[in-house]
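Asker: Sequences and hints are given; from them, build the entire structure.
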Amino acid sequence: MNKKRIEYCRQLVNNCPKRDSPLKIREALECAVALNPESEVAYSSLANVYEMEGNTDKAKQVVEDCLRLANPKSCASSYYLGTINYKEGNYDQALRFLQNCLDIDPNDGDALGAMALCYANMGEKEKEKEINFEIIKSPGVSNRVLCQAYCNLGIMHAGEDAEMMYYENSLKADPDSLPTMHNLGGAYARRNEWDKAIIIFQRVVKDLVKNDEE
1 MNKKRIEYCR QLVNNCPKRD SPLKIREALE CAVALNPESE VAYSSLANVY EMEGNTDKAK
61 QVVEDCLRLA NPKSCASSYY LGTINYKEGN YDQALRFLQN CLDIDPNDGD ALGAMALCYA
121 NMGEKEKEKE INFEIIKSPG VSNRVLCQAY CNLGIMHAGE DAEMMYYENS LKADPDSLPT
181 MHNLGGAYAR RNEWDKAIII FQRVVKDLVK NDEE
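First residue of the sequence shown? That's 1 in my numbering, and the numbers climb one at a time after it.
If you are wondering where the hints come from, they were derived from the structure by calculation, not from laboratory data. Even glycine gets a Cβ: it sits at the ideal position worked out from N, Cα and C. Careful: at least some of the hints might be erroneous.
Unchecked claim - List of simulated lysine-lysine pairs, DSSO-like, C-alpha gap at most 30 angstroms:
#, residue 1, residue 2
1, Lys172, Lys196
2, Lys172, Lys125
3, Lys73, Lys87
4, Lys196, Lys206
5, Lys58, Lys73
To be verified - Cβ-Cβ distance ranges computed for the label pairs, FRET-style:
#, residue 1, residue 2, range
6, Lys137, Asp212, 32 to 40 angstroms
7, Gly140, Asp20, 34 to 42 angstroms
8, Ile198, Asn55, 47 to 55 angstroms
Answerer: This is the structure in structure tokens:
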């Protein structure tokens, strides 16, 4: 792998973004890919530049090239294509690329979280639940992903004793999670525990909400 990391390509990737204009950065990354297409070092950064320019199709092409030319098991490129396809509603395609990440690292929390969202949008509740259970038992998963997984499990177990436990664990991962607090307040209200519900919603309105939409 190191033999593919030609020094002038590394310099283009590492140094140009620190000092040059957006146009020069894109040109430098394009140059790095053209000089050494078998190295994946520049692909993700170049795709990010294209996306920031609003050229999503070009960004997708770049990461597809990475999988085709440089590394068919590139987690960065696979995750990018997974999330892009998720945003576009192509859930089956998204799952295929996300599985590529999990083939490399079965405990990839971000890939697992995105996969759970795909199943949720496909209406496959049991699959979604299964993935959320995978998330909470996987080591090294970020608090952001853990919080979302526990919150989703709470929603799936609405009315059951386990519901409150899942919300509590979600808040341990992120004490300021707006979705979790909102659902926890609703759970107290459904149980006629009005004082607890009011305390939760008061905290949401006073401390957590930052704009009118929230």
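Asker: Work down the list of hints and note, for each, if the structure agrees.
Answerer: Hints versus structure:
no.	hint	in the structure
1	Lys172 / Lys196	holds, 18 angstroms
2	Lys172 / Lys125	holds, 25 angstroms
3	Lys73 / Lys87	holds, 22 angstroms
4	Lys196 / Lys206	holds, 15 angstroms
5	Lys58 / Lys73	holds, 20 angstroms
6	Lys137 / Asp212: 32 to 40 angstroms	holds, 38 angstroms
7	Gly140 / Asp20: 34 to 42 angstroms	holds, 35 angstroms
8	Ile198 / Asn55: 47 to 55 angstroms	holds, 49 angstroms
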